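Once you have looked at the hints, place chain B with the ligands on chain A.
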Amino acid sequence: MTKNGIAGQLLRVNLTTKKITNEQLPLEMFIDYLGGRGLGAFYLDKEVDPKIHGLSPENKLIFFNGPFSGTMVPGNNKINVAFKSPLTNTYSYSLCGGHFGPELKFAGYDGLIIEGKSEEPVYLWIDNDKVEIKSADKLWGQKIADTDHLIKEELNDQKIHVACIGPAGENQVNIACVTSDVFREFGRGGGGAVMGSKNLKAIAVRGSKDVEVADPEGLMELVAGLYPNFKKNPKAQIRRVEGTNELVRGINNAGFMCTKNFSEGTSEANKEFEGSLFREKVVYNDVSCYACPIACGKNSAIVSTKYGAVKLEGPEFETLGLLGTNCGLTNWEDVLHVSAICDALGLDSITAGGCVSLAMECFEKGILTLKDTNGLELSFGNGKAEAELLEMIAYKKGIGADLAEGPAYAAEKWGAPELAMHSKGMTFAVYDPRGAKGMALTYATSPKGAHHMVAPVFGGEMAAGNRFEEKGKETLVRNTQLNFAAVDSLGFCATCQNGFLRADQLKAFKLVTGYELTEEKMLFNAERIFNMERMYNVKNGFARKDDTLPKRFTEEPMAFGESKGQVVDLETLLDNYYAAMGWNNDGVPTEEKLQALGL
Amino acid sequence: MSKVLVADAKKCVGCRICEQWCSMSHFRTGNPKKSRITVTRSHEDYMDYPVVCRQCVDTPCIKACPTKIDALSKDENTGAIIVDEEKCIACKMCIKACPYNAIKVHPSEKYVLICDLCGGDPQCVKYCPENALYFLDREEADKLVAATKEDE
Ligand code: SF4
Ligand code: SF4
Numbered sequence: 001m002t003k004n005g006i007a008g009q010l011l012r013v014n015l016t017t018k019k020i021t022n023e024q025l026p027l028e029m030f031i032d033y034l035g036g037r038g039l040g041a042f043y044l045d046k047e048v049d050p051k052i053h054g055l056s057p058e059n060k061l062i063f064f065n066g067p068f069s070g071t072m073v074p075g076n077n078k079i080n081v082a083f084k085s086p087l088t089n090t091y092s093y094s095l096c097g098g099h100f101g102p103e104l105k106f107a108g109y110d111g112l113i114i115e116g117k118s119e120e121p122v123y124l125w126i127d128n129d130k131v132e133i134k135s136a137d138k139l140w141g142q143k144i145a146d147t148d149h150l151i152k153e154e155l156n157d158q159k160i161h162v163a164c165i166g167p168a169g170e171n172q173v174n175i176a177c178v179t180s181d182v183f184r185e186f187g188r189g190g191g192g193a194v195m196g197s198k199n200l201k202a203i204a205v206r207g208s209k210d211v212e213v214a215d216p217e218g219l220m221e222l223v224a225g226l227y228p229n230f231k232k233n234p235k236a237q238i239r240r241v242e243g244t245n246e247l248v249r250g251i252n253n254a255g256f257m258c259t260k261n262f263s264e265g266t267s268e269a270n271k272e273f274e275g276s277l278f279r280e281k282v283v284y285n286d287v288s289c290y291a292c293p294i295a296c297g298k299n300s301a302i303v304s305t306k307y308g309a310v311k312l313e314g315p316e317f318e319t320l321g322l323l324g325t326n327c328g329l330t331n332w333e334d335v336l337h338v339s340a341i342c343d344a345l346g347l348d349s350i351t352a353g354g355c356v357s358l359a360m361e362c363f364e365k366g367i368l369t370l371k372d373t374n375g376l377e378l379s380f381g382n383g384k385a386e387a388e389l390l391e392m393i394a395y396k397k398g399i400g401a402d403l404a405e406g407p408a409y410a411a412e413k414w415g416a417p418e419l420a421m422h423s424k425g426m427t428f429a430v431y432d433p434r435g436a437k438g439m440a441l442t443y444a445t446s447p448k449g450a451h452h453m454v455a456p457v458f459g460g461e462m463a464a465g466n467r468f469e470e471k472g473k474e475t476l477v478r479n480t481q482l483n484f485a486a487v488d489s490l491g492f493c494a495t496c497q498n499g500f501l502r503a504d505q506l507k508a509f510k511l512v513t514g515y516e517l518t519e520e521k522m523l524f525n526a527e528r529i530f531n532m533e534r535m536y537n538v539k540n541g542f543a544r545k546d547d548t549l550p551k552r553f554t555e556e557p558m559a560f561g562e563s564k565g566q567v568v569d570l571e572t573l574l575d576n577y578y579a580a581m582g583w584n585n586d587g588v589p590t591e592e593k594l595q596a597l598g599l
Numbered sequence: 600m601s602k603v604l605v606a607d608a609k610k611c612v613g614c615r616i617c618e619q620w621c622s623m624s625h626f627r628t629g630n631p632k633k634s635r636i637t638v639t640r641s642h643e644d645y646m647d648y649p650v651v652c653r654q655c656v657d658t659p660c661i662k663a664c665p666t667k668i669d670a671l672s673k674d675e676n677t678g679a680i681i682v683d684e685e686k687c688i689a690c691k692m693c694i695k696a697c698p699y700n701a702i703k704v705h706p707s708e709k710y711v712l713i714c715d716l717c718g719g720d721p722q723c724v725k726y727c728p729e730n731a732l733y734f735l736d737r738e739e740a741d742k743l744v745a746a747t748k749e750d751e
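As they're listed, the protein sequences go chains A and B. Numbering-wise (my numbering), the first sequence opens with residue 1 and increments by one. Numbering-wise (my numbering), the second sequence opens with residue 600 and increments by one.
By construction, these hints were calculated from the structure, which means they are not laboratory data. None of the values given here were measured: they were computed from a predicted structure. Don't take every hint at face value.
When the alpha-carbon atoms are kept at most 27 angstroms apart in a straight line, the in silico DSSO-like pairs for lysine-lysine are as follows [claimed, not checked]:
{"#": "1", "chain 1": "B", "residue 1": "K610", "chain 2": "A", "residue 2": "K311"}
{"#": "2", "chain 1": "B", "residue 1": "K632", "chain 2": "A", "residue 2": "K130"}
{"#": "3", "chain 1": "A", "residue 1": "K539", "chain 2": "A", "residue 2": "K51"}
{"#": "4", "chain 1": "A", "residue 1": "K232", "chain 2": "B", "residue 2": "K609"}
{"#": "5", "chain 1": "B", "residue 1": "K703", "chain 2": "A", "residue 2": "K152"}
{"#": "6", "chain 1": "B", "residue 1": "K609", "chain 2": "A", "residue 2": "K231"}
{"#": "7", "chain 1": "A", "residue 1": "K232", "chain 2": "B", "residue 2": "K610"}
{"#": "8", "chain 1": "A", "residue 1": "K130", "chain 2": "B", "residue 2": "K691"}
Derived, one-sided and incomplete: chain B residues facing chain A with beta-carbon distance under 8 angstroms [claimed, not checked]:
{"#": "9", "residue": "Q619"}
{"#": "10", "residue": "G629"}
{"#": "11", "residue": "Y645"}
Built from N, CA and C at the ideal position, the CB exists for glycine as well.
Isolated chain A, as found in the complex:
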């Protein structure tokens, strides 16, 4: 065991040959690629041809922790999975908080690469050095919570941490997620479908190894000093009370909260979902990820609803927005119910919401009729119909089978491609880009399709009072993309950055690894990671033509509210951004840029 925070090895499991191997992973890899997301980019680029289909056995699931996982560094517990996405046909990555990543570290692994395809349903049991591929006959078909429960029964230990797929992943639904500890997701891009295509139901982990750091005394001192920052930071504190739903009020009032398939940017009805009401009406306790002193997670419940009792962890803001307001839902009963269905079936709730809202708009416009929907009244606000459609997606029934391929495919098939609110096949998060122009750039240039966390700049734009301006957003987005490439790789949670600033992150790096990482080097590495991700897509033919937004955002002015009249001037944004990135006007990194980054 090395004393630099890392385990120093990765586990490789080939499901075709059943071969299980350990590979050395020197600290240098964590210096050059920082951790999870960076190492994902490195191995995907090295081992997976960008042109393969996401569901082919050649695809891999590349899980990596950051260097701090399993240490006491606060708010650091995110593990990344990288893969070729069957939904977007692009590079994809997804981060998951909770306790799964640290447990993998305690088992002695910084990372896990799954390759090939099993003939039978199997699950992986990692018990320190003992790694087994076990039959998943009894698990196949089970929903998420039951799968978690059955595995813990079979292995006779309640403290095991499990990442698994539900029926949606088994059925290779392109919007299926991988879920850890029942309620924490590797959400976007269809990682669950990739896992399903490999006949891999779950990964169960138990570890009892040390995570040794370079300077334990120094680390204890730094960490003890950091805790009070979280208590003092207003953002961290409001997150503690209201979870991410603290965002509802500001975004809805500012008129860019997804409502009815982004046909509106605000509504009176959305006020029901403001964070204070969330806390008051449905939250009953708080939950935390590993080593996090904030605990923004919320368990919610309503004892009696028209669906019976509903209880779940969440829903967090994006789920609430996409499954809720974007589908015209107006009450907590419906929102909790549809969230719980996505959790149980293993659907990415954000993309699922974008799929349902698409079907609803098509239904309201007469593009889909009752005959197409098997009698489902898919009008906005019909929570019961939404719940049924979610099941149809997960089991590929009726029009659900079209949406299971992805919103772009379904909308094309139904003859309404302009109604699918997606970029590169991935649906948007809550923030209507007409109300925050930086977000337009974030979505359009994201390597994994319209995902907000690649550069969530809306908060900064609101604070600066320049959210409608295109000017200057290239720098804001670039800097934020690089910051997130770094913190995602290091394993930090975005919420926890409120109270844990970069200078302290670098101090932690030194105390844990013994290596002095400068801010300059950190950002250089982040830029290299981001360009590797871009190049992966370029090698598959992606360019400016794919950095798109739906016409709704570029041509239809927002009808009313505080973002009224706004449209996005995407071409100007892209021109400036490519120049700022050192990419050519077609969005391809130039030779000079690649050379400067050592690529």
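Frame of chain A, contents of chain B with the ligands only:
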């Protein structure tokens, strides 16, 4: 009078910061399996349960430890159970006797781990961000436990 440790599961959020400090302060390493306090999340009732030695008056663990081994004793100052790591053979008799499931075997050595109250300055209590852990006089502690029971 010596103080005792009490955990209030209702306030616990499952961050496991207590485990991290216990393991770091005793072993200078991050390893929850070396922590004397253990937090288990239940997905069935949506709760986190911190489990730790409660310094029982009647010490069933000491009584259970085979006489010829005699590895356990009570610290006269703090009232904590002290494990003699040389004598202990990890026969698990104390584990079976503990009514709170608060004892575990060291993951790689042949001795058990029992809360030693950090010599009187419990690190877990100090750093629990939720104040879910208390270090109280026995009388107050008993009252608190009774009150929590009534709540349930
Ligand atoms: S530190 Fe406190 S809140 Fe966190 S797990 Fe331990 S007892 Fe629970
Ligand atoms: S009092 Fe000290 S030894 Fe006991 S559980 Fe807490 S940190 Fe560990």
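Tested hints:
1. A distance of roughly 19 angstroms separates the Cα atoms of K610 of chain B and K311 of chain A; the hinted pair therefore holds under the 27 angstroms criterion.
2. With a CA separation close to 17 angstroms, the supplied pair K632 of chain B and K130 of chain A stays within the 27 angstroms bound.
3. Between the alpha carbons of K539 of chain A and K51 of chain A the distance comes to roughly 8 angstroms, so the proposed pair stays at or under 27 angstroms and holds.
4. With a C-alpha separation of about 24 angstroms, the suggested pairing of K232 of chain A with K609 of chain B holds against the 27 angstroms cut-off.
5. Our distance criterion of 27 angstroms between C-alpha atoms is met by K703 of chain B and K152 of chain A, whose separation comes to about 19 angstroms.
6. At most 27 angstroms may separate the alpha-carbon atoms for a hinted pair to count; K609 of chain B and K231 of chain A meet this at roughly 20 angstroms.
7. With a C-alpha separation of about 20 angstroms, the suggested pair K232 of chain A and K610 of chain B falls inside the 27 angstroms cut-off, and the hint holds.
8. Taken as a hint, the K130 of chain A and K691 of chain B pair is honoured in the structure, with Cα atoms around 24 angstroms apart against an allowance of 27 angstroms.
9. The closest approach between the C-beta of Q619 of chain B and any C-beta of chain A is roughly 4 angstroms, which is under the 8 angstroms cut-off, so the hint is satisfied.
10. Given hint, G629 of chain B at the interface with chain A, holds; its Cβ is 4 angstroms from that chain's nearest Cβ, closer than 8 angstroms.
11. Annotation: Y645 of chain B was flagged as interfacial toward chain A, and the flag holds, the nearest CB pair being 5 angstroms apart, inside 8 angstroms.
Checked against the numbered hints given earlier, this structure breaks none of them.
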